[in-house]
Amino acid sequence: MATKAVFSEIKNSGLGFWAVLGFFGLLVLGGVWAFMVMHHGHYVTGMDNQIVWGMPHVFAIFLIVAASGAANIATIGTVFGKKIYQPLGRLSAFLAAALLVGGLIVLLLDLGSIGHVIEMAKGALNFKSIFAWNMILYSGFLGIIVVYLWTMMDRRKIAKALYKPVGIANMIWRFLLTMGTGSIFGFLVSRQYYDAAIMAPLFIVISYVIGTAIYTLVLMASFKMTGRELGDAVLNRLRSTLAIFIAAVLFLVLARHLANLYATEHHGVEGYMVGGGSGFSSLFWYGQIVMGSLIPMFLIWCRFLKNNRFALIGAAIFAILGGFVQFYIILIGGQSYPLVLFPNAEVSSSFGDGAFNAYSATLPEFMLGLGGVGLTICMVIIGMRFLRLLPTNLADEVADPHHKAEV
Amino acid sequence: MSNINSYRRKFLIGVTGTAAAVTLAPGVFLRQVQAKANDEAVSDKVRWGMLIDVNKLEDGGDACIEACKKEHGWGNEEHSSDLQDAQWIRKVKVTEKMTGKAMSLPVMCQHCETAPCIDVCPTGASMKRPDGIVQVNKHVCIGCRYCMMACPYKARSFIHETLTDQRPGTPRGKGTVESCNMCVNRVDAGKNPACVDAAPKAMLFGDLNDPESKISKVLKKYGGTQIRADLGLNTGVRYWGI
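First to last, the protein sequences are chains A and B. Count the first sequence with my numbering and you get residues 325 to 731, in order. Count the second sequence with my numbering and you get residues 2 to 243, in order.
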């Protein structure tokens with residue numbers, strides 16, 4: 325333990341507590357309903373043999389990637405020794421675990437034959453598959469998070485001694501985990517939009533954006549609802565972190581598309597995805613770039629909005645929505661663009677060859693994904709109720725080591 | 002008496018010869034490799050392959066598709082949409098942009114030597130038998146569909162609903178992925194795949210590892226084109242006329 329901050333559970337679990345828990349609990353029930361419906365077969369979804377991964381996967385990958393990013397707040401405090409971040413570590417690690425579990429549940433419940441997963445436990449694992457590696461990376465991450473939380477919450481000497489080494493292990497593991505998730509889309513040679521190793525680092529930086537944004541909102545909401553004081557010093561750190569990572573994502577996105585445009589064989593897919601050739605282009609420019617990147621950066625860096633909490637909330641919400649749109653474009657757009665069976669020829673068939681594949685998610689798909697979000701938030705709320713995750717006070721004079729009292 | 006013996010001898014020789022011809026014909030004349038006993042392990046000395054002469058496929062592969070449907074029973078899903086229905090083999094129309102040359106050809110699992118579907122499968126359900134046939138082990142497939150993302154030929158289908166009355170030789174079921182298995186049930190029984198029998202003039206099936214097999218001889222003499230040869234997958238299905 326590297327901080328002297330005081331932590332406490334949520335004690336005043338009044339109407340507000342139950343209302344929020346009830347709302348997200350309803351989402352979980354919606355997810356259960358969706359699973360029951362989808363269990364009869366995926367024909368109830370908008371997914372088919374062309375768009376094989378749909379809205380549940382967008383939610384799942386969003387949550388899993390966000391998990392890695394949410395834990396980054398703890399990393400900054402532990403690995404880089406930034407004292408102001410250290411009281412934020414417990415919530416950061418717990419939120420990360422909750423996001424990961426939420427995402428994994430969605431992924432698991434979307435499988436065609438969940439019962440066969442037991443075969444994997446029995447050893448049916450193909451280590452050439454990035455998916456198989458991810459199973460190990462995800463479960464390992466949860467294990468490390470448990471130990472990491474213990475090092476932060478236990479006052480014993482051994483816990484204190486392990487705080488930094490475990491923090492470093494957690495950081496390295498997160499790197500591998502997010503790269504593993506990005507690599508799912510990095511080495512599919514036949515897919516025009518996925519065959520790019522830049523997906524691995526891109527996913528790492530996206531994780532920082534959406535993880536920081538979600539963390540900021542959870543922190544602000546929980547402090548507001550529990551009547552704790554949250555100063556500008558902490559929020560401004562989170563604000564800057566968010567904006568810098570949004571800029572970093574923009575840089576990698578630019579590099580990715582410029583690299584693609586250099587190769588003539590990718591001009592078709594680039595035209596489709598960003599050149600105005602489809603609805604995905606509009607989503608890219610208006611959803612990912614304007615709403616998800618430029619507006620949040622403006623809300624954060626505009627000098628007239630300094631210390632403006634509504635601007636920060638807006639920036640975080642837009643960054644989250646932009647991140648979601650980005651995953652939608654990567655997943656659905658990438659599958660929508662047809663495979664090239666015969667270059668320089670027009671092809672058609674009853675199986676969607678040569679066609680831009682359409683997709684519209686059905687209600688069960690949305691509900692399954694939202695069920696994962698609901699589960700995540702419920703776990704966080706229950707965690708805050710029973711564990712000392714939240715500092716009692718993050719006012720500037722308490723949290724900021726460089727704070728100077730106003731004269 | 003001697004005449005009777007002589008007739009009897011000729012009759013017996015005739016019967017024996019006919020019986021021998023009937024027994025050997027499938028192995029010697031129609032196919033170059035014998036049926037495999039049920040308890041006999043699949044051998045890697047064999048690599049099954051197929052050659053499709055598109056110019057001789059007058060219907061573009063319709064008969065092959067019908068034979069495949071009949072053999073394996075796919076394509077009759079009750080609830081699934083057209084794009085959710087399984088298609089183990091499909092007819093693809095190709096028109097070259099510059100010359101306008103048009104053709105139709107059947108496309109199915111190409112039974113790659115280095116199959117991307119096998120690389121990505123987390124459980125090992127996507128597998129290749131030692132004799133080169135790529136198929137899905139339905140007992141281990143979790144239905145993640147990563148193989149469908151990876152297959153360059155879009156050869157795989159996911160089963161979107163509960164199935165009934167499956168064919169005994171073709172295990173299929175909801176929530177798993179499936180594709181052309183080169184009629185592994187027929188091949189093990191010493192027969193040709195159903196599509197090959199449906200288009201005998203245009204399709205040839207045999208052992209690519211046996212230099213004396215007909216398919217190896219014609220491929221050695223005239224070559225055979227792979228779809229997306231640039232991917233370096235060394236497919237077991239080759240084409241003429243594409």
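Keep in mind that a hint or two might mislead.
What the hints assert, rightly or not - In silico BS3-like pairs for lysine-lysine, Cα to Cα no more than 27 Å straight-line: (1) A:446 to B:46; (2) B:218 to B:139; (3) A:446 to A:328; (4) B:139 to A:446; (5) B:139 to B:215; (6) B:129 to B:71; (7) A:452 to B:192; (8) B:37 to A:452; (9) B:221 to A:452; (10) A:452 to B:46; (11) B:129 to B:46; (12) B:175 to A:446; (13) B:221 to B:202.
Said to hold, decoys possible - FRET-style restraints, in silico, Cβ to Cβ: (14) B:77 to A:460: 38 to 46 Å; (15) B:242 to A:674: 16 to 24 Å; (16) A:682 to B:71: 48 to 56 Å; (17) B:96 to A:442: 56 to 64 Å; (18) A:682 to B:99: 25 to 33 Å; (19) B:45 to A:452: 16 to 24 Å; (20) B:96 to A:451: 24 to 32 Å; (21) B:99 to A:583: 23 to 31 Å; (22) B:169 to A:583: 30 to 38 Å; (23) A:674 to B:45: 43 to 51 Å; (24) B:77 to A:603: 29 to 37 Å; (25) A:682 to B:39: 42 to 50 Å.
Claimed, not checked - Selected chain B positions facing chain A (Cβ under 10 Å, derived; list incomplete): (26) 37; (27) 39; (28) 93; (29) 124; (30) 161; (31) 241.
Rather than coming from a laboratory, the hints here were simulated on the basis of the structure. Bear in mind the structure is a predicted one, so any value in this text is a computation, not a measurement. Glycine residues also receive a C-beta, built at the ideal position from the N, C-alpha and C atoms.
(request) Hints the structure violates: just list their numbers, smallest first. (result) Those not satisfied are hints 1, 2, 3, 5, 7, 8, 9, 16, 17, 20, 22, 23, 26, 27 and 31.
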